[in-house]
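Student: Counting in the numbering used here, the sequence shown runs from 1 upward without gaps.
Hints were generated in silico from the structure; no laboratory data involved.
Among these hints, one or two may not hold up.
Simulated pairs of lysine-lysine, PhoX-like, Cα-Cα distance not exceeding 20 Å [claimed, not checked]:
1. Lys397 / Lys347
2. Lys126 / Lys136
3. Lys257 / Lys173
4. Lys83 / Lys126
5. Lys173 / Lys136
6. Lys257 / Lys267
7. Lys126 / Lys173
Derived CB-CB ranges, DEER-like [to be verified]:
8. Asp500 / Val392: 24 to 34 Å
9. Asp401 / Gly661: 46 to 56 Å
10. Glu32 / Ala53: 23 to 33 Å
11. Asp353 / Ser299: 20 to 30 Å
12. Ser265 / Pro147: 26 to 36 Å
13. Pro147 / Glu32: 26 to 36 Å
14. Thr314 / Pro147: 47 to 57 Å
In this text, a Cβ means the ideal position worked out from N, Cα and C, and glycines have one as well.
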Amino acid sequence: MADQSAVPNVDLVQICATLGRATSDESIDTIEPAVDALLEASRDSAAKRSIAASRQNNVLDSVVQYLLRQEAQQPSSYTIESKLLRCIGNLVADENQNRDVVLASGQFLDFLRTSIVFETIGDQDKQYERASLALKVAFNLCNDYEPAQQAALAAGVDHAVLEHIHTCLFISKDDTTDLGLELLEMIGQHVSSSTATPSFSKDFTHKILRLPCIEDVDEDTFLEMTRATSPYLIYAPFQEAVLADSFVPLAFELLEKAIFMLSNSRKADECRLLESTILRAITEISTLPAFPSTFASSSDFVRTLCDRCVLTETDGDSPNVAVCACILLGNFAIDPSAAAVITPQIKMDALHDFITLKAYRRSRASTAAGSQDHADYLHAAAGMLRHLALPVEIRQKFFRDEASKQTAMALAQYPRPEVQISGLRLLRQFIMDDPIGLEHALNSSYHIVMLRLFTDPTTDGRVKLEISRTITALLRELAKPMNALPSTGAMSEPQQAFSDATVSALISAPHLVDPLSYAITESKLPLAQAEGYLGLCLILRCSPAQGVTLLSSYLYTHPSLIAALRAQITGSSQDTASANTSALPIRGSKAIAGSVERKDEVADSAGEALPLQGAKTDTAVTGVAGKARDNALVLLSEMLKSEGLDDGVRDELDSIANEAGITLRL
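Based on the provided sequences and hints, a complete structural model is requested.
Tutor: Here is the structure:
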């Protein structure tokens with residue numbers, strides 16, 4: 001037990017008894033001396049320690065309970081209330097035992113929540129004084145003490161603090177603004193780990209987003225405001241509230257303000273972190289299922305995004321506004337009607353020029369420091385273009401030009417894997433059902449560039465798989481019957497088959513089979529294996545004579561590919577084997593090609609670091625994955641029925657068919 005004599009002339013037991021006996025209508029003159037004595041004692045560290053002792057806790061509890069009884073009295077004594085609040089504020093400062101006593105009351109945080117908020121009518125100064133005192137007590141209670149911070153969050157004290165800050169800024173009373181921001185930050189840091197999901201009113205959501213956007217704040221204050229509000233921005237329920245309340249444009253405005261305020265800050269690392277936090281929050285909001293449905297009511301915002309999504313050489317600040325604009329537009333564009341509205345509003349020539357310039361400049365420079373200056377932007381812009389180009393009508397109208405393909409190919413050579421992947425996917429999107437674009441790609445030796453990139457020892461394995469998919473896509477487009485392509489509406493332009501020279505340009509390319517073989521032998525992904533086998537089948541389809549010579553020679557020198565083919569066919573389940581005792585090469589190839597084509601038409605997210613919304617591809621992936629053995633059987637059948645097959649290779653393929661018990665109709 002603490003030594004009570006350490007606090008001379010203060011009888012804590014008597015004070016406790018006086019407050020405990022006091023009723024709400026008792027004379028202030030009777031109570032005030034005891035309160036004054038306790039207030040004086042609360043300023044003494046020895047007294048605080050004495051009250052924190054186990055047998056003196058009831059003193060603080062008596063103070064809290066009397067304060068709550070005073071609050072219930074209408075009107076309560078402001079003088080007594082302020083003295084009691086000061087007592088509590090002093091006693092809980094850095095004393096966790098006293099803090100626990102206050103928290104145990106169950107109602108004190110509710111009292112603080114209502115007291116921190118004040119009106120600007122009536123006696124404004126007196127109301128502000130009371131609210132600022134309550135804020136300071138809340139700060140002392142929560143400072144460096146997580147249980148109190150978490151309890152304050154559960155009681156909604158953060159809502160009151162935010163309201164207090166906004167009111168202070170409105171009436172130009174800055175005395176408690178910094179303290180309020182610090183308190184809001186320490187409470188808000190627990191929002192994502194809260195066991196109960198807080199509710200966010202439209203007013204609270206608006207005030208969180210609006211706070212850092214208030215005019216005439218300096219850099220340090222802006223940083224404090226952004227730090228205080230950031231935990232809410234990255235919290236999923238808050239993001240849902242932002243979308244539901246149509247505040248995405250306000251969040252975008254916050255990002256613009258952050259970049260403007262922090263572009264020349266001395267605290268570069270912290271500024272970049274806060275900027276990326278805001279960007280992350282907005283882009284995560286755009287991946288919510290309900291986001292595309294807000295397009296119809298966002299015409300002004302969409303116009304702003306279309307203007308902001310194109311970077312130029314004169315843009316000296318952070319590219320994150322453009323990154324964000326690209327992602328938002330791309331996620332709006334999963335709705336074809338939205339894509340049709342967005343695409344004409346974007347300055348495509350300027351976009352293509354900037355992407356090509358930055359991508360080629362970096363691809364020809366060292367991959368050392370500085371090479372990723374625009375990686376996020378290039379990645380996001382590619383994702384946006386790919387989403388815009390999903391509808392065939394938009395591809396035909398806006399992306400048939402050579403500049404589109406050049407842009408995609410430039411991205412594929414940028415020395416960052418995620419950008420290369422997005423460029424290869426974009427190229428596949430652009431050449432789909434576009435024979436003129438395909439001829440341009442082949443005549444421009446895009447396939448040679450990709451194959452050279454594949455053989456580069458520094459190329460990432462994920463990029464190699466995307467190159468394999470892209471080679472398969474080129475072969476698939478080359479193998480399509482012309483009457484299967486969508487009509488352009490120009491009756492005077494009859495569609496003709498590709499020339500032998502065009503076909504030969506691809507089939508005779510050095511190392512053409514390497515990416516397809518890599519997908520089969522090195523990847524564990526059934527989807528990659530299925531497309532690898534499909535690519536080999538399409539080589540035979542595009543050029544039977546040249547193709548069989550190429551594949552026969554490759555199989556002869558690459559026994560690992562024959563081993564993979566054997567394992568794929570003979571290692572399947574009995575159900576699968578019995579279902580495929582006979583393969584019809586042409587019908588099988590067409591069915592698989594169609595499945596892969598549908599896969600290319602959706603915007604899958606593998607390998608993308610930034611959130612891009614897109615159609616869910618689980619069903620498509622599962623369907624293609626189940627075709628790996630089917631495609632292997634088609635390849636086996638096509639090879640065995642071909643003339644000019646090396647005898648040794650034929651023997652190996654025959655043994656695979658015999659081992660699997662498969663009779664092929666040749």
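Student: Going through the earlier hints one by one, which of them does the structure break, listed in rising order?
Tutor: Hint 3 alone not satisfied by this model.
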